[in-house]
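K.L.:
Listed below, chain by chain, are the residues.
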Amino acid sequence: MTERTESRPVEVAVDGRTRAFDVRTDETLLETLRDRCGTTSVRYCCGIGVCGTCTVLLDGDAVSSCLLLTVMAEGRQVTTPQGLAATSCSAISSAQQAFVDAGAFQCSYCIPGMALAAQAAIDRDPEASVDHLVDELAGNLCRCGSYPQVREALERLVSGPTDDTATTPEEVHQ
Amino acid sequence: MKFLRPETLGEAAALAREHEDAKFISGGTAVVLMLQQRLIFPTHLISLTGVTDVPGWREVRRTETGLRIGGGVLLSAVARSAHVRELAPSLASAAGVVGNARIRNQATTGGNVAESDYASDPPSVLVSLGATVEVDDGTAARIVPAAEMFTDFFTTDLRTGEVVTAVHVPAAGPGSHASYTKFCSRSAEDRPCVGVATAARLQDGVLASLEVVLGAVAAIPQRWPEVTRAALGRPLDEQVAQEVAEEYAMLVDPIDDHRGSAWYRREMVRVQVRRSLLELAGDGGAA
Amino acid sequence: MSPALNPGAAPLSRRAVGDAVDRVRGTFTFAVDRRIEGTLHAVAVRSVAPHGRITSIDAADALAVPGVVAVIDGSHVAADDGISPWYGENRADQPVLAIGKVRYVGEPVALVIADSRATAEAAAAQVWVDIEELPHVVDPVLAGAPDAPQLHDEWPNNDSGTWTLVHGDAERAMATAAHVHTATYTSPAQNHVPMEPHSATGAWLPDGSLEVWTGTQSPYVVRQRLATMFRLDPDRVRVRGDSLGGAFGSKIDLRLEGLVALASRAVGAPVRMELRRDEVFQSASKHAATVTMTTGVDEDGLLVARIIDIVWNSGAYALQTPRSSRTGMIRSPGPYRIPHVLARSVARYTNTVPTGPFRGAMTGQVCWAHESAADEIAAELGVDPVEWRRRNLLRDGDAFATGDVMHEMHYVDLLTAVDDALTADAPPTSSTRTRTRRRGRGVAAVLKTTRTPTRSEAQVQVDAEGQVAVRTSAVEMGQGAAASLAEMAARRLDMPAEDVSVSWPDTGWTPFDQTTSSSRTTFATGLAVERAASDLRACIAQQVAQPWGITPDQVVHRDGCVSSPGDPAQRMTYADVVRSSGAGELVGTGRYETPPGAGRLDPETSQGNVSVHFHQGVVGVEVEVDTETGRVHVLRAHGATYAGRLIDAERARKQIEGGMLFGLGQAVMEETLYEAGQMINPNLSDYQIPSLLDVPLTSSTVLSDADPDAEPHGIGESTVPPMAPAVANAVHDAVGVRIRDLPVTAEKVLRALREKQADDRKN
Ligand SMILES: Cc1cc2nc3c(=O)[nH]c(=O)nc-3n(C[C@H](O)[C@H](O)[C@H](O)COP(=O)(O)OP(=O)(O)OC[C@H]3O[C@@H](n4cnc5c(N)ncnc54)[C@H](O)[C@@H]3O)c2cc1C
Ligand code: FES
Ligand code: FES
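Protein chains in written order, with UniProt numbering: chain B, 1 to 174; chain X, 1 to 287; chain U, 1 to 763.
Please note: incorrect hints may appear among the correct ones.
Claimed, not checked - Lysine to aspartate or glutamate pairs mimicking DMTMM-like chemistry, simulated, CA-CA at most 25 Å apart:
#1 X:K23 / B:E74
#2 X:K2 / B:E127
#3 X:K2 / X:E20
#4 U:K762 / X:E246
#5 U:K748 / X:D253
#6 X:K2 / B:E6
#7 X:K23 / B:E11
#8 X:K2 / B:D125
#9 X:K23 / X:D157
#10 U:K748 / X:D257
#11 X:K2 / U:D686
#12 X:K23 / B:D22
#13 U:K756 / U:E376
#14 U:K748 / X:E246
#15 U:K748 / X:D256
#16 X:K23 / X:D136
#17 X:K2 / U:D115
#18 X:K2 / B:D35
#19 X:K2 / B:D22
#20 U:K101 / U:E133
#21 X:K23 / B:D123
#22 X:K23 / B:E6
#23 X:K2 / B:E11
#24 X:K23 / U:E121
#25 X:K2 / U:D61
#26 U:K756 / X:D157
#27 U:K748 / U:D686
The set of hints was computed from the structure by calculation and includes no laboratory data.
The task is simple: from the sequences and hints, build the whole structure.
P.N.:
Set out below in C-alpha cells:
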C-alpha cells in the first residue's frame, strides 16, 4: 500500500459553476469542497453522516458530503450553503433569512448546514409543517444548544416572511 | 483504488468477478464510512448508479402481486412513495426512520439489503411482509425470500457479482395490518436498540396470519413462526399480544452493545412486541 | 487562502455585531478554515496500548510513501537540546510526543509530515510502533491501591493532586446532628464534543521566532508553554487565534500547538494539523469522579455539617488537575449555609485520556452529589425539596465553606423563579399519570467560583477614518464574547456597536488576557474594555476641550461625535478629532485585575477569599418516564441565573438555555466507555449528543442589577451542572427511583424500577 490512491478527473457543478478536478478516488466531496474550492460553509465534524455540518444539496436533496466520494458526484449539481442564494437576486435564501431573524446561532458552526437542509425541505414541500421540518433537521446536531432558536426559525419559515427585515446584499461580507 | 462506473449490469457483475477485492457501491453511506475508517481496502469500487439496463432500477412500480422497488430507489423515495404508503405502509415508515434525512436521501434499497447491518430498520419489515429479493449477476436472475437473504452480521446470501436489482413486496390484502416500531434507547437520532415489525391479517375478527419480526437484537432479523402460529384463530387482543411478547422475550438471544445490554434488549422485546401488537389491534385489528 | 505568514501584519479584526448573515450562510470563518500557503500537513501516529514501553518505531515504510517529508518521534525530541518537551500547568509531566513510554490509547507517539493530509494519514498507518505492554489501570479508585500500576515515576501513588477543606469541626458537629445522610454519587468521563475539531498551523520564521495559528481558548497560556518548550523569550512566540466552533473547555492550554511547532521545526516549513473526530475524543475529557457525601441536619432540617470525599480521575497527565481538583472540592458543599464542612479530594492518574476543564469545570461532578443529596435529605425529612433548599441556601451575610462572607446572593429568588415557572402552566403531577408514563419535577442549584486571581488587559482605539477597534485576546467561541465587548465599548463611547470592530486574539498585538474560560470574559475582559473605552473617551474629550474653551467633562459625546454644549458649531466626528490631533490614532487602555490577595487560600484548610464572584444558577425540569422502558423524556426546563449588570438579554438567554441543553446530554446519554484500557466509543454514533428531537421546551429567568456601575457576572456555565441532578430528582419524583450514577440511562432507570418493584413486593 505504498502507492498513492489513484486519481481521476471529474466534473461537478458546484453552486451553478462546472468545476473540473483531478481527485483521489477515495477523496470525499467534503475534502474537495474545503481543500480545493475553499468552501467554508461545508464543515467537518463527525465524518460519519451523523451531524450534518457537512450538508450539501445533491441535485436538490440534502446529503452528507463526508459520506460521498467526489467521483460519485460526477455530473451532478452540488449546492453549498454559501452558494444557496447565488442564483437568486437576494443575498440569502428564505430559510437562511428565517435563521437570521430568529437569531438562530451561537458559535454557528452547525448553522449553515441546518439552514440548507431547511431550505431543501421547504422547497420540496412548500406546505411542510414545523414538525415535518423538525424531523428533517433532527440529524443536524448543535452542541451549543441553539435548538430553541432553530425551532423558532423553522416556525418563521413555515409562516412565511412576516416583516421587512429582509437583508440587502450590502450586508453580506465575504 | 479504482472507481469504475459500468453502464450495464452484465459489465458490473463481470468486473466484480474479475477483481477479487472489488466492492459494489450504490449510495455509499456504508461503503464510504468503512473506507474512511479504514475497515475495508477494496482495489475497485464498482458504482451501480450508472447502470442503465435494469428495468425500474430507480422506480417503485405496482405489479400484479404488489410492489416492485428497484434496487436503486433511495430510502427517502421509499418513505415518500404513494404506492409504498398504500400497499406497504410499515415499510414506508421503516424507510422513513432510517438514520437521518441525509442518509435516506443517499442510501438505496439495494444497498440497505446487501449491507445486512444488524442495527438496521428495513430488513425486519421486509421479512415480516414476506418480501422477496430479486438478484441478478448479469447472466442469471434468482429470487431470494427476504427471510433467507440475511445470513449473519453484515453477511447475505448474495454470491459474487450478484446485484440486488429489486425488492418485491406482496400487497397487503383486505384485513391486513402492519406496523414498524423503532425503539431507541438514547438519542432520538440513534439506530434502533430494538425494532419490531408486525404484520397481521384478520378474518372474521380472528387472526388469519401473524408475523412478528425483531430487528437489531441479533445478527439478523429474528422470528418464531411457531409462536405466531399459535395465535391464529384468536382475536388480536391484549392477551395474545402479551403471550406473543412473553414467548419472544424468552426465545430471543439478544446481543449486547452501546444501545443496551442483552438483559435490557430482552425486556424491550417484551414491551415493544406487546405494544406493537396492541397498536395493530388499535389500528382496526381489535376483535 | 489567508495571507501568508506576515510577522508585521496587524491583527485581523471583524465587526462582531451584525455578523448574522455571514454566520448563517457559512462565510463566517473559524480557526479550522485558516489555511496558509505552502503548508505541509502532519498526522499523529497514536498509541494503541494503554500503558507500555516503546521498544521500537519503524518509519521506513511511511517514509517511502510518495509525498511524505519526515517522520519524527519522541526520540528525536528527547535528543534535541533546543526543546524541553515536558509540559503541564502545575507539573511538567506530559511529553509533547511520547518519550520512552505511552500512558493512554491515543497518545501521540510520532508525527508524519507530508504534502497533503491524506498522504500523511495513509502513511501514518504504516509507521510500525512496538510497545511492550505494562499493566494498566483506568479506575481512579483502583489507581490508589498500593500495588496499582504506576504511571509516573516522579509522582508516586498516581497522585495528581490532594487537597482538604476544613471549615469548623465537621466530625464533631456531625455527631450532634439529628439526622445524618450518606451516599456516593458517580459521574463518568464525557467529551466536550466541540463541533469544530482542533486545528493549528505552526511556522518558524527566518529570524528564529515561532508563529502559531490556532483554535485556542487561551492564546497567552499557549504562548507561555511554547516559549518554555522551545526555550524562547515569550516575545519571540506569536500565537494567533480565531473564532471557535465551540470549545467548552476542550481548547484550553497546549493542544496541537506544540506538535505543529515541532513538526515545522523538523521540516523548515509551516505545518498544519487538524484532528479527526476520534482524535478529538482522545485529546481531552471531563474528569470522571466519585463523590461520597455525608450530611448532618438538625431537627428543623437545617444543615449542620457536611463531610465530602472526592476521587477524581485525572487521566494519564495532570494538565490543570492539581489546581482544578481543589476548585471542584471547594464548590462541593454546594450553595448552602453549612457551619461545619470537611472536604477531602484526591486526583489520580489513570491510563485514560487526559482531562481538562469542561463547561462548568469540576462542578458538574460535585453538583451531581450535593443536589441529589438535597432531594434525598428532604425526602427523608418529609420536607418539600424546594422548601428544604429555601431554608438552607446561602443568603447575604452567610459564610461559605471557605469562610467567605457572601454578598449579592440571589439563590432564593432564583429558586422561586424556577419553581413558579415549573408550577405555572402545568397540571399537578398526579392528574397526568397514565399507566406507563409518569411525570415528575425536579430542581437543582449550583455555586461556581470564577477564576481568581485573574487579569485582563484591553485597548480601544480610533483611527483617522473614525474606525473604532477593540483589542483584546478574548476568544469568540459562540458565547457572543466579541459582540458583548463591542457593545460595552460602544456604550462608553456613545456610538453604534455595529461600527466597532473586535480583534482576533494575536499575542503579537493584542494585550494580555488570561484565558477565555470560567465564564470570565464579559466580566474580566469586559471591565478592561470598558475602562479602555472610558480612557479613550477622556482622551478624545481632552483633544477638543481646550480649543473649545470648555473642560473635558463638559464635552458632549453622541453617535460617534463630540460637541460643545453651548455652541452647535463646535462639533467634530471622532475621525476629525484624530486627524486634528496629528496622531495616526488615539488609544485608550484599560485593565482589570482581581484585588490583591483574592484567591489566596490556606494550603491546609482552603480557607480564604476564594472568588470575586459566585456564579449562581438554579434549574428546574419536568420529565416523563416510561415505566416499561425506563426512557426519560425531559419535557421542559427552566434555568435561572444572576447576571450582575446584564449586557444583552438575548445572548444571556441563549447561554442559559443552551447551557441546559449541553447539560441534558450529560444527564441522560453521554459517557465515554473503556474496554481493556481503550475508549470504545470515540465517535458520534456510539457517543450520542442530544438532537432537536430530544430537547425540552426551554425558558429562563435572568436576574440582574440595574446599576450601570455594577459588575457583570459570568453566566455561561451556571445552568450546565444543575441539569443532571434536576433530571435525576425529577425521575425520582415521577417514579420513586434514585439513580446515583450518571448518566441516567433508560436501562438504569428500568433496572431500578424492577428492584423497587421487588422490594415493594417484599414489604
Ligand atoms: C449515520 C448513519 C446512520 C444510520 N442509521 C441507520 C438507521 O437508523 N437504521 C438503518 O436501518 N440503517 C441506518 N444506517 C445504515 C444505512 O441504512 C445503510 O448504510 C444504507 O442503507 C446502505 O445503503 P447504500 O446505498 O448507501 O449502500 P452502499 O454503502 O453503497 O453499499 C452497502 C453495501 O451493499 C453493497 N451494495 C450496494 N448496492 C448493492 C446492490 N444493489 N446490490 C448488491 N450489493 C450492493 C455494497 O457493496 C456494500 O457492501 C445508517 C447509516 C449511517 C451512515
Ligand atoms: S461531518 Fe458529515 S455528517 Fe458530520
Ligand atoms: S451554534 Fe454552535 S454548534 Fe450549533
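K.L.:
Next, verify each hint and record whether it holds.
P.N.:
The hints, checked one at a time:
1. X:K23 / B:E74: Roughly 19 Å separates the two Cα atoms, so the pair holds.
2. X:K2 / B:E127: violated, 44 Å
3. X:K2 / X:E20: With Cα atoms ~13 Å apart, K2 of chain X and E20 of chain X stay inside 25 Å; holds.
4. U:K762 / X:E246: Satisfied, since the Cα-Cα distance of roughly 24 Å is no more than 25 Å.
5. U:K748 / X:D253: holds, 21 Å
6. X:K2 / B:E6: Between K2 of chain X and E6 of chain B the Cα gap is close to 6 Å, so the pair holds against 25 Å.
7. X:K23 / B:E11: holds, 23 Å
8. X:K2 / B:D125: Roughly 39 Å between the alpha carbons, so the hint for K2 of chain X and D125 of chain B is violated.
9. X:K23 / X:D157: holds, 16 Å
10. U:K748 / X:D257: Within the cut-off at roughly 15 Å; holds.
11. X:K2 / U:D686: Roughly 31 Å between the alpha carbons, so the hint for K2 of chain X and D686 of chain U is violated.
12. X:K23 / B:D22: holds, 22 Å
13. U:K756 / U:E376: holds, 16 Å
14. U:K748 / X:E246: Answer holds: K748 of chain U to E246 of chain X is near 22 Å, not above 25 Å.
15. U:K748 / X:D256: Since the Cα atoms of K748 of chain U and D256 of chain X sit roughly 15 Å apart, the hinted pair holds (cutoff 25 Å).
16. X:K23 / X:D136: holds, 16 Å
17. X:K2 / U:D115: Distance of about 22 Å is within 25 Å: holds.
18. X:K2 / B:D35: Since the Cα atoms of K2 of chain X and D35 of chain B sit roughly 22 Å apart, the hinted pair holds (cutoff 25 Å).
19. X:K2 / B:D22: Between K2 of chain X and D22 of chain B the Cα gap is close to 13 Å, so the pair holds against 25 Å.
20. U:K101 / U:E133: holds, 10 Å
21. X:K23 / B:D123: violated, 35 Å
22. X:K23 / B:E6: holds, 16 Å
23. X:K2 / B:E11: Between K2 of chain X and E11 of chain B the Cα gap is close to 17 Å, so the pair holds against 25 Å.
24. X:K23 / U:E121: Status holds; Cα separation ~22 Å.
25. X:K2 / U:D61: With Cα atoms ~23 Å apart, K2 of chain X and D61 of chain U stay inside 25 Å; holds.
26. U:K756 / X:D157: Cα-Cα ~47 Å, so violated.
27. U:K748 / U:D686: Distance ~18 Å between K748 of chain U and D686 of chain U Cα, so the pair holds.
Comparing the model with each earlier hint shows violations of hints 2, 8, 11, 21, 26; every other hint is respected.
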